[in-house]
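Chemist: Okay, here's what each chain looks like letter by letter:
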Amino acid sequence: GENVEQHPSTLSVQEGDSAVIKCTYSDSASNYFPWYKQELGKRPQLIIDIRSNVGEKKDQRIAVTLNKTAKHFSLHITETQPEDSAVYFCAAPAPNTDKLIFGTGTRLQVFP
Amino acid sequence: NAGVTQTPKFQVLKTGQSMTLQCAQDMNHEYMSWYRQDPGMGLRLIHYSVGAGITDQGEVPNGYNVSRSTTEDFPLRLLSAAPSQTSVYFCASSYVPGSSYEQYFGPGTRLTVT
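From first to last, the protein sequence lines are chains P and H. Going by our numbering, the first sequence opens with residue 6, and the numbers climb by one from there. Going by our numbering, the second sequence opens with residue 11, and the numbers climb by one from there.
Just so you know, nobody snuck in bad clues.
With a cut-off of at most 20 Å between alpha-carbon atoms, the simulated SDA-like pairs for lysine to any residue come out as follows: (1) P:LYS42 <-> H:THR15; (2) P:LYS42 <-> H:SER110; (3) P:LYS42 <-> H:GLY50; (4) H:LYS19 <-> P:GLY46.
Pairwise CB distance ranges, derived in the manner of DEER restraints: (5) P:ALA75 <-> H:LEU89: 40 to 46 Å; (6) H:MET37 <-> P:TYR37: 15 to 21 Å; (7) H:PRO85 <-> P:GLU20: 42 to 48 Å; (8) H:SER79 <-> P:ALA34: 30 to 36 Å; (9) H:ASP66 <-> P:SER33: 20 to 26 Å; (10) H:GLN67 <-> P:SER31: 17 to 23 Å; (11) P:GLN86 <-> H:LYS24: 41 to 47 Å; (12) P:ASP22 <-> H:GLY26: 46 to 52 Å; (13) P:ARG112 <-> H:GLN32: 27 to 33 Å.
Covered stretches of chain H (in silico footprint by chain P; criterion: 3 or more residues with CB under 8 Å from a CB of chain P, positions within the stretch not fixed): (14) 40–53; (15) 58–66; (16) 101–109.
Hints in this document: simulated from the structure, not taken from any laboratory. Remember, it's a predicted structure, so these values are computed and weren't measured experimentally. For every residue, glycine included, the Cβ atom is placed at its ideal position computed from N, Cα and C.
Kindly generate the complete structure, drawing on both the sequences and the hints.
Modeler: See the structure below:
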């Protein structure tokens, strides 16, 4: 089955700095890699996703990169702002099933 | 559209009691799933369904039952509550295949088992 590992578990940055969160997955057949943001007390919401036929995708200050050879994908947030403070989850599908497996989450704190 | 709704928002149970967490969606999504969220453990899949009448186990199914009699509803039953089931429960829905599309999460149910 699929195993998704996420690092770091906590990340503190100064406002304006960049933040990078990395996930590794175990099954080379996985083909869809979403990132979710969960603000305190709220539900998780999709912020960006990437499919295995591209290596990078950007949406304003956030980007996701995928390295299929190394089986890892990363979330990049540039020019961080206090409202970026949240828990971020990566996920990957378990191939040959319809299960979506999440990483354990990264708590990002952006200090003014 | 209300999206994905869950009831109740909070629940306290005693060990051994049973209860049903309700989940409904009005987006005509075929795929629905239940996750539990525990500190440091992320979101773990309990059960999922790819359509009415079809359910399957996730990563942590023990102690939970589900059924899917309609497209809209996907209730989660705790058969005999245990303190280890203290958690926040999220229901989600999506297009099929659910593992390849955006998951729309409900607001969550915070369950405490004493």
